[in-house]
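Visitor: Here's the letter readout for the chains.
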Amino acid sequence: MEFIISRYNPETDTAPHERHYRLDERELGADTMLLDALLLIREQDPTLAFRSSCQEGVCGSDGMNVNGQNRLSCITPLSGLKSPIVIKPLPGLPIIKDLIVDMKLFYQHYAEAQPFLQAKSISEAHEHLQTPAERAQLDGLYECVLCACCTTSCPSFWWNPDQFLGPAALMAAQRFVIDSRDIQKRDRLQTLDDPMKTFRCRHIQNCTAACPKGLNPSRAIQALKAAIAKTESS
Amino acid sequence: MQLRTLSGKNAFRWQRISALYLLFYAPFLALWMTLTPHAATTENLIASLTTTWWLLPNLLALLLVITHAWVGLRDITLDYTPRPRTPMWLEALRWLLIATVVDLALLLYWIL
Chain A
729 MEFIISRYNP ETDTAPHERH YRLDERELGA DTMLLDALLL IREQDPTLAF
779 RSSCQEGVCG SDGMNVNGQN RLSCITPLSG LKSPIVIKPL PGLPIIKDLI
829 VDMKLFYQHY AEAQPFLQAK SISEAHEHLQ TPAERAQLDG LYECVLCACC
879 TTSCPSFWWN PDQFLGPAAL MAAQRFVIDS RDIQKRDRLQ TLDDPMKTFR
929 CRHIQNCTAA CPKGLNPSRA IQALKAAIAK TESS
Chain Z
4 MQLRTLSGKN AFRWQRISAL YLLFYAPFLA LWMTLTPHAA TTENLIASLT
54 TTWWLLPNLL ALLLVITHAW VGLRDITLDY TPRPRTPMWL EALRWLLIAT
104 VVDLALLLYW IL
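If you're matching them up, the sequences are chains A and Z in order. All the letters of the first sequence, read from the start, carry residue numbers 729 to 962 under my numbering. All the letters of the second sequence, read from the start, carry residue numbers 4 to 115 under my numbering.
Hints listed in this document are in silico derivations from the structure and should not be mistaken for laboratory results. Some hints here could point you the wrong way.
To be verified - Think about it this way: if two alpha-carbon atoms lie no more than 20 angstroms apart in a straight line, the pair counts; the simulated SDA-like pairs of lysine to any residue are:
1. A:Lys958 / Z:Ile20
2. A:Lys958 / Z:Ser51
3. A:Lys958 / Z:Thr55
4. A:Lys958 / Z:Ala22
5. A:Lys816 / A:Ile803
As the list claims (entries may be wrong) - Going by beta-carbon spacing under 8 angstroms, a handful of chain A positions derived as facing chain Z:
6. Trp887
7. Asp921
8. Asp922
9. Pro923
10. Arg928
11. His931
12. Lys953
13. Ala957
What the hints assert, rightly or not - Here are some chain A residues pointing at chain Z (derived, C-beta under 7 angstroms):
14. Phe844
15. Thr926
16. Ile956
Every residue, glycine too, gets a C-beta built ideally from N, C-alpha and C.
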């Protein structure tokens with residue numbers, strides 16, 4: 729099986745370039761994941777750099793562009809990929825080395841969405857309770873692993889990376905806007921009422937297609953925009 | 004017109020309102036034109052569209068088309084123009100909008 733991997737070393741290269749690798753099909757089982765293949769390739773070439781931590785789709789560290797689609801390599805079966813497999817770093821973020829990108833901007837936008845509960849002060853006698861229906865509203869929003877597959881596949885983010893928050897941050901914002909325990913809904917919505925932060929989203933749906941966890945950031949942003957539109961101007 | 008004064012919410016609302024109106028208006032107009040043989044020529048069509056009971060919905064549609072187009076053009080400007088020149092292009096867009104509205108007002112005055 730052939731792999732074409734984008735390589736870039738800032739100390740020696742002026743631009744990313746492709747390098748071809750081959751793996752013997754006998755080394756690859758039916759349930760081999762792309763990450764397993766990358767680990768085998770790294771045995772051939774120890775200079776190949778990529779991130780991976782939990783190796784089971786929970787930490788979100790091994791996001792990369794595979795055959796034109798952003799994916800998590802640890803939960804991408806090799807059997808579903810067409811050879812040659814072209815692997816590039818996530819688009820739209822600066823490359824640190826090979827398949828490793830600088831996630832600083834992504835995390836800045838995430839922090840800007842204030843992804844934490846702002847509830848009434850906690851009482852030792854009571855937890856912040858929710859009804860099962862209120863809790864169910866958070867399904868499909870809280871499962872994000874911050875792999876950046878959605879944000880880096882978003883053309884609106886490519887056009888305005890420093891100003892548009894991107895699908896992951898906006899979905900996190902929506903997760904707390906609809907949380908029944910949060911008391912800052914109005915402030916959150918007013919902060920997000922901005923032509924650049926939120927309303928650059930054109931619902932291109934790349935984010936939804938790219939999400940390795942099967943989430944729907946586009947629908948979350950649609951709901952967020954509708955909630956912002958319903959708020960009164962201060 | 005500075006970027007900070009452009010509320011995303013208002014543009015979003017107007018785009019939705021205009022789209023909703025045009026969603027019903029456009030098929031109705033098409034159907035009406037199909038079923039009204041005397042609207043076949045441009046002169047007859049304009050005369051028919053400016054009759055008393057048709058005038059208000061038509062004018063409203065015209066204004067909403069302009070609004071919808073303006074929001075779209077504004078989005079393109081924000082997305083694609085080089086950042087240092089974006090305020091200049093937004094200002095140009097604002098004057099284009101004003102000129103279009105004035106031009107249409109004069110045209111309507113002349114027709115009516």
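Visitor: Going through the numbered hints above, which ones does this structure break? Give me the numbers in ascending order.
Guide: 2, 3, 11 and 14
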